[in-house]
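Here the protein sequences line up with chains V and H, keeping their order.
Numbering-wise (our numbering), the first sequence opens with residue 1 and increments by one.
Numbering-wise (our numbering), the second sequence opens with residue 1 and increments by one.
Because the hints were derived from the structure by calculation, they are not lab data.
Quick caveat, the model's predicted, so the values are computed rather than measured.
Misleading hints may appear alongside valid ones.
Straight-line Cα separation of at most 20 Å, EDC-like style, residue types lysine to aspartate or glutamate; simulated pairs [unchecked claim]:
| hint | chain 1 | residue 1 | chain 2 | residue 2 |
| --- | --- | --- | --- | --- |
| 1 | V | Lys274 | V | Asp211 |
| 2 | H | Lys188 | V | Glu354 |
| 3 | H | Lys202 | V | Glu354 |
Derived coverage of chain H by chain V (criterion: at least 3 residues anywhere in the stretch with Cβ under 8 Å from a Cβ of chain V; other residues may be distant) [as the list claims (entries may be wrong)]:
| hint | segment |
| --- | --- |
| 4 | 188–195 |
| 5 | 198–209 |
Ideal placement from N, C-alpha and C gives every residue a C-beta, glycine not left out.
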Amino acid sequence: MKETLLSLKNVSKAFDGKTVLDSLDLNILDGEFITLLGPSGCGKTTLLRLVAGFEQPDTGSVTLSGHDITHAVPEHRPLNTVFQNYALFPHMSVYDNVAYGLKMERRPKDEIRQRVDDVLAMVQLQNFARRKPHQLSGGQQQRVAIARAVVKRPQLLLLDEPLSALDYKLRRTMQVELKRLQRELGITFVFVTHDQEEALSMSDRVVVLKDGAVQQLGTPREIYERPANLFTARFVGETNLFPGYLASVGDEAITVDILGLRRTLQKPAFDVRKGEQVSVLLRPEDIRVLAPEDEQGLAGKIVERNYKGSTLDSVIHLEDGTEVLASEFFDEDDPTFDYKLGELVRVSWVDGWEWLLPVELEPVNEEAEGLATDA
Amino acid sequence: MKRRKGWPRMHRVFQQPFKTAVLLLVWGWLLLLVLTPNLLVVGASVMTRDPGSFLSLPLTLDSYRQLFDPLYLDVFLNSLYMAGVTTFFCLLIGYPFAWALSGLGKQRQTLLIFLLIVPFWTNSLVRTYALKLLLATNGLTNNTLMGLGLINEPLKMLYTEGAVIIGLVYLLLPFMILPLYSVFDDLKRELLMASHDLGAGKLSTFLHVTVPLTLPGVLAGVMLVLLPAMGLFFVADILGGSRNLLVGNVIKNQFLDARNWPFGAAASVLLTLAMAVLLFAHRLSQRRLGEEAQT
Numbered sequence: 001m002k003e004t005l006l007s008l009k010n011v012s013k014a015f016d017g018k019t020v021l022d023s024l025d026l027n028i029l030d031g032e033f034i035t036l037l038g039p040s041g042c043g044k045t046t047l048l049r050l051v052a053g054f055e056q057p058d059t060g061s062v063t064l065s066g067h068d069i070t071h072a073v074p075e076h077r078p079l080n081t082v083f084q085n086y087a088l089f090p091h092m093s094v095y096d097n098v099a100y101g102l103k104m105e106r107r108p109k110d111e112i113r114q115r116v117d118d119v120l121a122m123v124q125l126q127n128f129a130r131r132k133p134h135q136l137s138g139g140q141q142q143r144v145a146i147a148r149a150v151v152k153r154p155q156l157l158l159l160d161e162p163l164s165a166l167d168y169k170l171r172r173t174m175q176v177e178l179k180r181l182q183r184e185l186g187i188t189f190v191f192v193t194h195d196q197e198e199a200l201s202m203s204d205r206v207v208v209l210k211d212g213a214v215q216q217l218g219t220p221r222e223i224y225e226r227p228a229n230l231f232t233a234r235f236v237g238e239t240n241l242f243p244g245y246l247a248s249v250g251d252e253a254i255t256v257d258i259l260g261l262r263r264t265l266q267k268p269a270f271d272v273r274k275g276e277q278v279s280v281l282l283r284p285e286d287i288r289v290l291a292p293e294d295e296q297g298l299a300g301k302i303v304e305r306n307y308k309g310s311t312l313d314s315v316i317h318l319e320d321g322t323e324v325l326a327s328e329f330f331d332e333d334d335p336t337f338d339y340k341l342g343e344l345v346r347v348s349w350v351d352g353w354e355w356l357l358p359v360e361l362e363p364v365n366e367e368a369e370g371l372a373t374d375a
Numbered sequence: 001m002k003r004r005k006g007w008p009r010m011h012r013v014f015q016q017p018f019k020t021a022v023l024l025l026v027w028g029w030l031l032l033l034v035l036t037p038n039l040l041v042v043g044a045s046v047m048t049r050d051p052g053s054f055l056s057l058p059l060t061l062d063s064y065r066q067l068f069d070p071l072y073l074d075v076f077l078n079s080l081y082m083a084g085v086t087t088f089f090c091l092l093i094g095y096p097f098a099w100a101l102s103g104l105g106k107q108r109q110t111l112l113i114f115l116l117i118v119p120f121w122t123n124s125l126v127r128t129y130a131l132k133l134l135l136a137t138n139g140l141t142n143n144t145l146m147g148l149g150l151i152n153e154p155l156k157m158l159y160t161e162g163a164v165i166i167g168l169v170y171l172l173l174p175f176m177i178l179p180l181y182s183v184f185d186d187l188k189r190e191l192l193m194a195s196h197d198l199g200a201g202k203l204s205t206f207l208h209v210t211v212p213l214t215l216p217g218v219l220a221g222v223m224l225v226l227l228p229a230m231g232l233f234f235v236a237d238i239l240g241g242s243r244n245l246l247v248g249n250v251i252k253n254q255f256l257d258a259r260n261w262p263f264g265a266a267a268s269v270l271l272t273l274a275m276a277v278l279l280f281a282h283r284l285s286q287r288r289l290g291e292e293a294q295t
């Protein structure tokens, strides 16, 4: 079991009367890559600033390796930040940018040179030491920002949407690079993003935030396969939501009626009673699209098809109006596999892959709709 | 891309009549009203004084030699000293002012800048006379201080170098604040945060980040204050008595009273050269920041 490095207890923060963080508790383990994931305005950047010391919480405490740092100034905290727009000093060379933190520690000149050279080699910028930031590409500036932060060997590295300014390909490269750096350095990374794909592929654990509160904390797999609520389910990936009616409830198993289909499932962790409604969640890749003459499944018709290269994504309208997203891998045995718009099909799914959640009252204009857009 | 020459090629003249007209207007304006007068001044400075027609041949550098006459050298050095002190005080007041200004909400910033600009609507000569009323022996300041019993005799403030410096600072302060405000407004808060994050305290951050990044604004402010301060002869006339305190007074006297145009012109050229040196320094400091626009 890893030890707790950073611990936030009952942390609240409001700006102009608007609550940004709401009595939040969070423990970050030593050496892990943890991601704060949420839509814009969920409080993830504020949380990062509280840890870095740029904001003070209204209530609660921040503890780093057993020391209370709630009110410590940023310059006295043994952690460093990679800023969203890098915040490189424009009047200093790459070398001076990276050396800045060590100069502030008044390290001997030889040691500074050695450590700066080492870290620049690590991010493959040893030949760019004399350049000014504006003479570098976005990806190179990003590396300088990382080098500048890790050269001080912090206990904790905070990364505030560091990849959001890069184009898609460079982003993928930097994601791999960041994972490599984290493994090599053994530093705890706290990574902020609104990109769920990035969060899932990079993290040891993911914290899903909404309205200043933790929605779920878990491994990427837990978050994706067993979301704690509808918000997490919808924010992390695409989701099909079916209304379920509890036909019977036993000690171990329950029977759910889903639009007329009866399924026997394992009893969920939350309270269920016979006659109640539940939400049945299925990921698009769990859905199987069958021929219309098939006996099982729900009848519907194809209203959209999107060729995605490795998958064929389709939208199916069921007879009662429910919209279903399906994402199917191409089948090598069936090279003509495709759908026509308006084609009649039946929809089914792999038995036992359903995920049940209590029915939530959804406010109109649910923010979860416009998800991955962000500033 | 290679920069095109200022003169448009003929076939474009007809294709883009508006652009051509605007360019011609700008170039014409600069040639007629900036370059020509300056060349006339340079020309006048190398001619000989003539009591009848002001200027005559032969060409000579006598006027420039005369600038180094101890009498005038004294005026120059004194003028430089006065302008230097003025600039120092403008910077001392303007730098923290601009810094604080940039940290306020947008609405308050607009209001304060507006208040800063309002005095420009009144002629500076009128404002200098107003200052005279404040500083006079039986003026507002002295009367108030005596009324309060803080002093028994009126202080001598008017017709001192101090009065001239107060006047110069008063008139030129906005020219220091505006360029400084502009650089502080551009200074990204994230850079200061990054500095703190890397372990620098307030003083280190100020010296290593704030000062270097606001230096172009400081130099622009110094340019806009130092040289005009040497030339504002009427301030020295009204608040300093009729002594040759500033280069501006010398130039004015040479043209209007002594009728020595070549010498007055030479003194003007000297000021222009000083301006050129400062402009060059400003350019250098901006290049050092790497034309920040890209970051």
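Between the segment 188–195 of chain H and chain V, are there enough contacts, at least three residues with CB-CB distance under 8 Å, for the coverage claim to hold? Answer holds; 6 residues pass the 8 Å Cβ test.
20 Å Cα cutoff - pair lysine 274/V, aspartate 211/V: violated (33 Å)
Within a Cα-Cα threshold of 20 Å, do lysine 188/H and glutamate 354/V meet the stated pairing? This hinted pair is violated, its Cα atoms lying about 50 Å apart.
Lysine 202/H and glutamate 354/V were given as a pair; does the straight-line alpha-carbon distance stay at or below 20 Å? This hinted pair is violated, its Cα atoms lying about 56 Å apart.
Closer than 8 Å, Cβ to Cβ, for at least three residues: run that test on the segment 198–209 of chain H against chain V and report holds or violated. holds (count 7)
Hints 1, 2, 3 from the list above are not met by this structure, while the remaining hints are.
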